[in-house]
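So the protein lines, in turn, are chains A, B and C. Under the working numbering, the first sequence has 211 at position 211, and the numbering climbs by one with no breaks. Under the working numbering, the second sequence has 508 at position 508, and the numbering climbs by one with no breaks. Under the working numbering, the third sequence has 282 at position 282, and the numbering climbs by one with no breaks.
The set of hints was computed from the structure by calculation and includes no laboratory data. Here the structure is a predicted model, which means the values were calculated and not measured. Some hints could be false.
[What the hints assert, rightly or not] Where chain B lies over chain C, by a calculated footprint (3+ residues, C-beta under 8 Å):
{"id": "1", "region": "47 to 60"}
{"id": "2", "region": "83 to 92"}
{"id": "3", "region": "166 to 180"}
{"id": "4", "region": "270 to 276"}
[What the hints assert, rightly or not] Just a few of them, taken from the derived set where beta-carbon distance is under 10 Å, the chain C residues facing chain B:
{"id": "5", "residue": "D160"}
{"id": "6", "residue": "I161"}
{"id": "7", "residue": "T281"}
Each residue gets a CB set at the ideal place from its N, CA and C atoms; glycine is no exception.
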Amino acid sequence: MSPPDHIVTTEAYQVSAATPVSPSSSPDPARPADAEPLLQVKDLRVSYATEDGAVRAVDGISYELGRGRTLGIVGESGSGKTVAALSVLGLTRAEGAEVGGCIEFEGRDLLALDERELRTVRGNEIAMVFQDPLSSLHPLYRVGAQIVEAIRAHQDMTKAKARARTIELLDLVGIPDPAKRVDAYPHEMSGGQRQRAMIAMALANDPKLLIADEPTTALDVTVQAQILALLSELQQERGMALVLVTHDLGVVADMADDIAVMYAGEIVESAPAERVFAAPEHPYTWGLLRSIPTLDGPREELLTPIPGSPPSPLAPPPGCRFHPRCPYAQPEHARTNPELLSTPGQPDHRVACLLEPETRRGLWRELA
Amino acid sequence: MRSIKRYTPLALAALALGLAACGSSGGSISGSSGIKAPPGVQTPLTESQTGGVRGGTLTVLNHQDFEHLDPGQAYSSVDYEAVYATQRPLYSHAPNAFSAPTPDLASGPPQISADRKTVTVHIRSGVHFSPPVNREVTSADVAYAIERGLNQNVANPYFSSYFGSLEGAQEAEKKANGGPISGITTPNKDTIVFHLTEPKAPILAAALVLPLTAPVPEEFAKKYDAHSPTEYGNYLVATGPYMFKSNSAGKVLGVGYEPGKSATLVRNPNWSTATDFRPAYLNQINIQIGGDTNVIGRQVLEGSHMVENDEIAQSTVQLAYEKFRSQLEISPGAGTGYIAVNNHQGPFANVNVRKALWAALDRVAMNKAHGGELVTNVMTHFIYPEIPGFEQAGGLAGPQVDYNDYPTGNAQVAAKYMRLAGYPSGKYTGATTLQIVGATGSPTSEEAEIVNQTLKNLGFKTKFSLVDKSVMYSKFCGTPSEEIDVCPNVGWVADFGDPQAVLDVPFNGEHIPPSNNPNWGQVDDPTINQHMAAAELVVGTQARAAAWAAIDRELVAQAVAVPYAWDKQPNVESHDVAGVGDVWNLGAWDYSFTSLK
Amino acid sequence: MTRYVVRRILWGVLLLILVSALTFVLFRILPTAEPARLRAGRNASPRVIAELRVDLGLNKPLITQFWLYMRGLFLHGDLGYSYTSGASVRSLIFDRLPATLSLTIGSAIIWMAIGLPIGIVSALRRRTRTDRASMGVALLFISAPEYWLGLIVLYLFAADIGRVKVFPGAGAYAGLTADPWKWFTSLILPWLVLAAGFAAVYARLMRGSLIETLGQDYIRTARAKGLPERQVVLRHGVRAAITPILTIFALDVGVLLGGAVLIETVFEIPGIGRLNYDAITHADFPIIQGTVLLAAVFIIVANILIDIAYAYLDPRVRYS
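Just chain A, same shape as in the assembly (with noise of 0.2 Å):
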């Protein structure tokens, strides 16, 4: 679905080997990360039964993510990523999908509660916004009634109480002219106006952690700096969780206090922003970094693409999933599948690779 290359914008953080990076944006240090997680996902798997067999689309992934911080989750169409965000609300379950492990949110088993009990999580305490604001927002309805049915789905208020509250939340989210935006159709407003309208409708009731799956994709470069800072802008304000998915790093290189690199259903590596912008550790990783156009650099230098494309979720390869497309792959790495595990001297930083940490450090050298 995705392309692999993409212009940033110009407000977007530029990549370039030689310049350490540093992130635009930290974590606010007046606002320590609670020690108890907010979401706990662990050895989450989802699979699909297809007519051609069971497709693996999320295959054991685990992550944490604390109050208030924001996670991204990177990778290529068919990573899995989308399905793991959708499993996090049991979105999953209608399409007959079979979810394995376990993700904690509070201390409480999302996966192990009823619909009943899952509803009043979702669009409540989990709130979710879309790629396609434009497909996700029902054609036939006005938007403000979007919202409102949104906010008194979980809040007991006169519908008169629930509009004014709507207009409040456009305005909030920078709509111009919200009185009367509130009675236009998804398909009158414009692609930017519509993703912050969904933004404010995930808003509506207050949740603790927003999902965001490739909330810019679909949008006009320009605009997507601008829903990017509303986002962040929003999550500062209300000390709200965040989970990014995209496919762009430049997405994340801003915003995200920690990445994860998922591949084929796996996380590659994980770890907090800066590190993987300096010092990335999984070969898959430095693929997507080296192949991120720049526009300060030099317009004769070819662009790096990673050889080869995704595996068939049916039929991943055996071992490591990466090592078709790997230029470092040794023989031994088609029979082993790397587990998640910490690189040395850095706990944080977690990497699924075969190669040894400190010939990785050397390959990274290299290419920086």
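Here the structure of chain A is known, so what remains is to put chains B and C in place on it, guided by the hints.
Then chains B and C, alone, in the frame of chain A:
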């Protein structure tokens, strides 16, 4: 009338078997023709015409709608049911008498002059029109009724056949709106005299039973007859025991008759039983039009105070015969079914080929397709049962000639005649491919197929096609120039109970019009034509019967057509109806004689 | 929007004129029986038939006949007079219209009330036994010939000839104003028979449309908002799934208003369908013209109405 098959039977094989078991002898009732009905089944010839209970309303379920209610236009059996209950022609019939007309409006039999050119009829007094006209009927009303037949707005279809010989008719014909005919005179209000240009009085006298002679009040009808086409049928005035319900202006359409929906007959307040031979027991008759014939039949058989009075479904006849036998009526003399073969050109112009087909045809199989023994008899000559002359022409068995002796067909006899025709092998060896045109639907298509097969067995190559019935008549079989060789699905019902009405029109070579030709076989034998011209002049029922029976034998001798079925028409009633059917109208229930139990 | 409506109406009128002309030509040149011959009856003489042709105006050139007809129609609303009964076609049609309206509207309500819920349930229980069973039964009713079904129903449930004497049988129809109770009870069996086939079709349509709708992104959003599943299915799913079905519904009703001849015959309901059929068997051209024109009017109007309604049903649709 051209024969209307009033039911759509499939093979009633089960019934035939049942009849065989019953046998045709013990305890069954027979009519004057010697045709026996199975025990338990009524016929019009045995139904009692007296002693009915007065009062009540009869419900009639008819699948078919009326075609014309105007007595000057009515010409089908369904129309006659209503017309003969509401109109009084000069003569009509008692239910069980086909041959002897009963004086209706007339006070006595017609007087025919010695030169056969004058007919005098005396009219009863004391007969009144229904509201809103109310006044007494006079002979002038009968004159107007007949004269309006030539008005192109009325366009009576049988005028020229029976009344064309009236003096002054030709002149009146030339005028668009008809007008007085000089040959009809009314010396006084009770007498009407017909003057003819040719000695055709006998047939005109016999034709006086037709509805055209029912009186029509000129002062009332004139304005409607000026319309193109006439509107009189929507404003009918009655002289019979019943009338169509009408409003104060006399309008029937929308009041007593809703086309395609219903009709209501109520008592004619100005009718008096003293002047009529009809008892008229019922107070009202409600006619419901439409519906599926299978459903209607069941409703009648299982219901109360109902009759079905038109097209009847095979399933209904079967159900009635098996479970409601006393509610079933079979009426003989319902017409004929025969095969018209081209006497004019082609292989059948040869009399021996015609005889060969007659011999070869399995008439019993044809009748099985036609509905079985219950509703048919094997046809062996051309005058049909109940018509005077039937017995003289040979009765049920018919003339004893070898090609007529084998109802199931006989290949040897057929071969013999083929050889006589010039085909030594006994089969056709010529080059002509026969054109056969039959009618779609059941049972006509099955019957046509049997004929087709029989012809093939005789060695013919055939081009066989089935078309819609009305197209068959109008476009193919009724158009001489098409020279169709074989029309297997034709038949005939007489206009009235005179043998001339059976034999003349279909077999007289003198009338072969270029279109709508009812002499489908183009039969034109000069000797027979001459004899017919002479028989037309004969007076007296017996004498006419003898004269025309002789012609019938000649027609058989010349095998002008190939017969197969003498029809009997089934009709059904509810258990609590004492129905009386008119044998002269396909056994249709007569509203003036039927009563409720 | 007004301009759009006006334009559609004008096209509609043009279409009606074309339909009239086509009917005119078809029935006069096809090798069916001639009305003059039919009206004259059995072996009528050629002279009589010729007279009748003049009477009925059939001797004039086709164009003249058509022109006279159109003129009468547009200037006086005169649809001519029946060849057989002389009754005015307009009065005949208006006389029959209430029965057809009753039959159509009642049936439409029933088939939607039965078919749509079944379709919804089937969509929600896709591929379960319930789904297969209901779609199987639906297929049965779609295949069953209407006429046959009508006869069966009468033989089973009619008060006069049925096994279980529940409802009034054939011929019991009474006008609504004449006898409301009889009107209602006499229509129950015809409504059910007419609705059977349609309910089956609409169940299948609804199932398909809803299955497709439930796969859309906005359904996912609705669930993500934490809405109860019933609200997701009905307010979000069915609401979107039903718009294409309403287009078909409008057309079906439009066509039915032109007469349901089979049901009307079996149950003896005096509607437009039977009027048309009887007219065809008698080659009664004025009535045929009138009923065909009426049917065309209903279809055209239904089309226009649903197109207008669509703009309200689906705000994405805009007419310039």
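At a threshold of 10 Å, is the proposed contact between D160 of chain C and chain B supported by beta-carbon distances? holds (5 Å)
Closer than 8 Å, Cβ to Cβ, for at least three residues: run that test on the region 166 to 180 of chain C against chain B and report holds or violated. holds (count 3)
Less than 10 Å between beta-carbons is the criterion; does T281 of chain C satisfy it with respect to chain B? holds (9 Å)
Do three or more residues from the region 47 to 60 of chain C put their C-beta atoms closer than 8 Å to C-beta atoms of chain B? holds (count 8)
Please verify that hint: I161 of chain C, Cβ, nearest Cβ of chain B, below 10 Å or not. holds (4 Å)
Coverage claim, chain B over the region 270 to 276 of chain C, checked by counting residues with Cβ within 8 Å (three needed): As far as the region 270 to 276 of chain C goes, the hint holds, because 3 residues have Cβ atoms under 8 Å from chain B.
Against chain B, does the region 83 to 92 of chain C show at least 3 residues with beta-carbon separation below 8 Å? holds (count 7)
Hint compliance for this structure: every hint is met.
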